[in-house]
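Work out the full structure, taking the sequences as your base and the hints as a guide.
Line by line, the protein sequences are chains A and B.
If you read the first sequence in the working numbering, its first letter stands for residue 425, the second for the next number, and so on.
If you read the second sequence in the working numbering, its first letter stands for residue 425, the second for the next number, and so on.
Just so you know, not all the hints are guaranteed correct.
Have a look at the derived ranges for each label pair, beta carbon to beta carbon [unchecked claim]:
no.	chain 1	residue 1	chain 2	residue 2	range
1	B	533	A	461	40 to 48 Å
2	A	507	B	518	19 to 27 Å
3	B	458	A	461	48 to 56 Å
Simulated from the structure, these hints should not be mistaken for laboratory data.
Only a predicted model underlies this, so the values are computations on that prediction, with no experimental measurement involved.
Where is the CB? At the ideal position from N, CA and C, for every residue including glycine.
The lines below spell out each chain.
2 protein chains.
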Amino acid sequence: MNNYSKQREAILEVIKENLIHPTAEEIYELVIKKEPQISKSTVYRNINILFELGEIKKIKSAIGPDRYDYSYKKHSHIICEKCGQIFDFDYNFDNKNILKKAIEQIGKKIDIDNIVIYGICENCKSKNKIKEE
Amino acid sequence: MNNYSKQREAILEVIKENLIHPTAEEIYELVIKKEPQISKSTVYRNINILFELGEIKKIKSAIGPDRYDYSYKKHSHIICEKCGQIFDFDYNFDNKNILKKAIEQIGKKIDIDNIVIYGICENCKSKNKIKEE
DNA sequence: TAAAAATTAGGAATGATTCCTAATTTAAAG
DNA sequence: CTTTAAATTAGGAATCATTCCTAATTTTTA
Numbered sequence: 425m426n427n428y429s430k431q432r433e434a435i436l437e438v439i440k441e442n443l444i445h446p447t448a449e450e451i452y453e454l455v456i457k458k459e460p461q462i463s464k465s466t467v468y469r470n471i472n473i474l475f476e477l478g479e480i481k482k483i484k485s486a487i488g489p490d491r492y493d494y495s496y497k498k499h500s501h502i503i504c505e506k507c508g509q510i511f512d513f514d515y516n517f518d519n520k521n522i523l524k525k526a527i528e529q530i531g532k533k534i535d536i537d538n539i540v541i542y543g544i545c546e547n548c549k550s551k552n553k554i555k556e557e
Numbered sequence: 425m426n427n428y429s430k431q432r433e434a435i436l437e438v439i440k441e442n443l444i445h446p447t448a449e450e451i452y453e454l455v456i457k458k459e460p461q462i463s464k465s466t467v468y469r470n471i472n473i474l475f476e477l478g479e480i481k482k483i484k485s486a487i488g489p490d491r492y493d494y495s496y497k498k499h500s501h502i503i504c505e506k507c508g509q510i511f512d513f514d515y516n517f518d519n520k521n522i523l524k525k526a527i528e529q530i531g532k533k534i535d536i537d538n539i540v541i542y543g544i545c546e547n548c549k550s551k552n553k554i555k556e557e
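Set out below in structure tokens:
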């Protein structure tokens with residue numbers, strides 16, 4: 425692992441250029457424009473490698489497949505469980521204290537990578553209130 | 425939706441009794457002991473209904489299928505991205521402030537349902553340091 | 001420049017979940 | 001009660017996302 429390949433480079437570029445939290449499928453559709461011969465398995469394999477290397481973040485959406493994120497700047501995510509929409513969220517969690525409590529409660533240190541707030545957004549909430557026919 | 429069915433009741437009971445964040449498959453294996461005729465699609469359908477109703481929580485694990493949780497008490501989760509382990513985490517997030525910042529940043533109110541900390545646990549971190557053969 | 005290691009394309013295989021349908025169960029109405 | 005309507009079920013087919021497999025190619029090493 426960790427050798428040069430133009431495919432891997434193109435995939436990382438696409439993820440860097442598209443800050444829309446694309447799915448693997450979407451990454452494939454974008455990267456195929458640059459590397460028309462690329463196969464889907466190569467996209468999946470390299471996404472996983474880039475994630476392992478810590479170059480990109482994996483976001484477990486509430487709905488549909490996983491999404492990926494290149495973070496120029498550290499941030500969290502808010503995800504709606506009804507519509508699946510993902511919002512970038514810039515918040516200063518007290519990581520030092522979270523870490524301390526985590527060690528107390530689970531007995532081991534955790535390297536915090538991404539904090540995700542799952543909830544229901546206003547739009548989806550109000551939709552629910554309308555009596556369904 | 426929302427009518428009586430002994431299958432749905434049995435599924436909810438199983439989730440209440442097993443606080444191990446079971447997957448749909450695991451719920452099926454447990455509930456089949458009580459309702460031997462039950463089908464897997466019934467389990468999936470009812471898990472979704474119970475989630476829609478807000479009776480159970482869905483946890484997007486870093487690894488493998490979704491997991492479910494009946495919460496007698498509100499809590500968060502810490503999930504390891506390498507091994508997929510899920511830890512219950514009792515932490516007092518400043519939800520009022522989070523909500524305020526969220527409205528500022530994304531322009532809409534969010535009903536916070538579950539805060540998840542994705543990271544890498546000590547065990548997995550130390551495994552990585554060992555030179556792989 | 002030759003040998004070893006890593007990566008690729010492409011398709012098959014797998015795993016999780018949803019969808020479909022006819023039969024059954026539950027609820028509602030007279 | 002009985003009848004009718006609505007909801008739910010079992011079971012399997014279908015779908016979707018992802019991983020696995022293999023022979024060929026590319027990259028690295030020495």
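Practice task
Output the numbers, in ascending order, of every earlier hint that fails for this structure.
Solution key: The structure breaks none of the hints.
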